[in-house]
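*Asks:* Here is how the chains run, residue by residue.
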Amino acid sequence: MKALLVGECRDGRLAGEVAELFGFAAVSGAEASLVLVGNPDGVPAFGGRLYFADAREYGEYNPDVHKRLVMQAVERECPDVVVFLQSSYGWDLAPRLAAAMNVAQVSGVTGIDDGGYAVDSCNGKMRRTVKPLTSSAVLTLQPGAFPAPAEQGVPELIRLDADRSSGIEFLGSSQPETGADLSRASAIVSAGRGVGSEKHVDLVRGLAEALGGEVGASRPVIDAGWLERSRQVGSSGQTVSPALYVACGISGSIQHLAGMKGAGYILAVNTDRDAPIGDVADVFVVADLVQFLPALTARLRVGQ
Amino acid sequence: MNILVCVKQVPDMAGRFSPNAAGTWYDEAALVFRMNERDENAVEEAVRFKEQLGGTPEVTVLSIGPGRVVETIRKALAMGCDRGVHIDDPLASERDPWQIASMIAGHARGCRYDIIFTGMQSDDRGSAQVGVLTAEMLCVSCVTGVVGFGWQDGAATADRELEGGRRGMTRLKPPMLLTCQQGLNSPRYPTLPNIMKSRKKEISVLLPDEVGLGEPLSSVTGFRHHERQTAGLFLEGDVDDLAGRVATLLDAKRGIFRRGGAV
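Here the protein sequences line up with chains C and S, keeping their order. Just add 1206 to wherever you are in the first sequence, counting from 1, and you've got this note's numbering. Just add 2 to wherever you are in the second sequence, counting from 1, and you've got this note's numbering.
Don't take each hint at face value.
To be verified - For lysine-lysine, the following DSSO-like pairs were computed, each having C-alpha atoms within a straight-line distance of at most 27 Å:
#, chain 1, residue 1, chain 2, residue 2
1, S, Lys175, C, Lys1467
2, S, Lys52, S, Lys175
3, C, Lys1273, S, Lys52
Stated by the list, open to error - Listed below are several chain S residues computed to face chain C (Cβ distance under 7 Å; list not exhaustive):
#, residue
4, Ser129
5, Gly170
6, Pro189
7, Pro192
8, Ser221
9, Thr232
10, Phe236
No lab work stands behind these hints: they were computed from the structure. For glycine and all other residues, C-beta sits at the position ideal for the given N, C-alpha and C.
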């Protein structure tokens, strides 16, 4: 099997997760080549063909232009699978490639399964097997699903060149909002959708204080404006690894888990026993946080 | 100006899921359905845009599915969309993203929409393909994961959400398709007068074959519960008792937490 891996560059640097693409190739026993619009100083080590275009010429992202570049590599390689990360780059570009190749796409692959690909659904509660009916396919990989192997070697470089016209003009990118720095906190207590209302965020604050930690949040709480954006934990916010992480009313979307699964000890409080946060929790308390958090906070304060 | 918003009806994700008899998708019996969250952001943005332009654009809301999806179309009409299109397809949940996109594109081709808003992905299937595939089929510009939208001098600005809190800023002209991400806006709740008004709004019904349903490119088997990976402790029962047990567990670890710093 031949796999064409599609790397990506973020803010001038090769995305670390690109190594997971090689993990997929290793698990599926595929011969891997890589296509990358990136920085010439940040090319991964591997023994295979590297189709390369310089991001300083072609931009870090432009879907029309990058589609043309990746299609050139597809035409040269005739791969069985074209593999992206399920990232802002991958979920945007992969369907464009699938449409151009007229083949199936499978999004968020977590494993190889029964002649197809295992994929999560229903917010990580359920799983299914998706089988492409086309002779080749486009895949995106769920972050963390394929461990990165140790690659070495110097790739054979093949330069790509494409027309740079596009209906989309890129005006630049903005850096994240500054504010809370959660990266050094030893304990983080995070609020999720399950807190239910803004006033219950105080219960989360109370526990964070009792633990001498910081307050964090998952996306719905930030979007509701209950906490400032700099406190968002997850792939579109901060990635944290405190000694203790308390997830209050957080179901555990893939994006949230990507930002906190490196924590030393994880306590989850949720009324939904099937919530995917259970995948990473050391302790899962099935309880209404409105009752449980004050009770726990009071116990911890007495113990101090 | 013509605007289309595509919405999907999905189950509440807090529900308990079980596979259907064929093992291809969930059994709908015990589930409560609502509008997909990111599609609410799409409806809200379309309606705000209409308001910004003084109410001139016509906003059409489209949904594909069995009869139950009419409720979701009605909600979008109550939020401010002008007319509905129901592609009446009882087998919608068995269609792959390519087929769903083929039906949307089939409808849109004859309607000359200037802007199509969709959600970035659905809560249940989460493929994040339908919007982009639709744009590719229609040969229109597409920006995904939109968290900011503006309009000036006949062109749109759309901010994409990138990793780690960064945003990429783009400008593009119609026709275009934008896939909306959470955080783009706060969707409104329909008011009672608007709910009443929406009942008089027209919903046209189309069949899959009339809008060019394509052949599937993938199939689904083995829909099942996701086996939990953790060997963690599962606690339930009386709240005070639970608080005591968790406090003891945390106290035992407190030396570690209090040493400070991340792991």
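*Asks:* Enumerate the violated hints, using their earlier numbering and listing them in ascending order.
*Replies:* Hints 1, 3, 6, 7 are the ones this structure does not satisfy, whereas the remaining hints hold.
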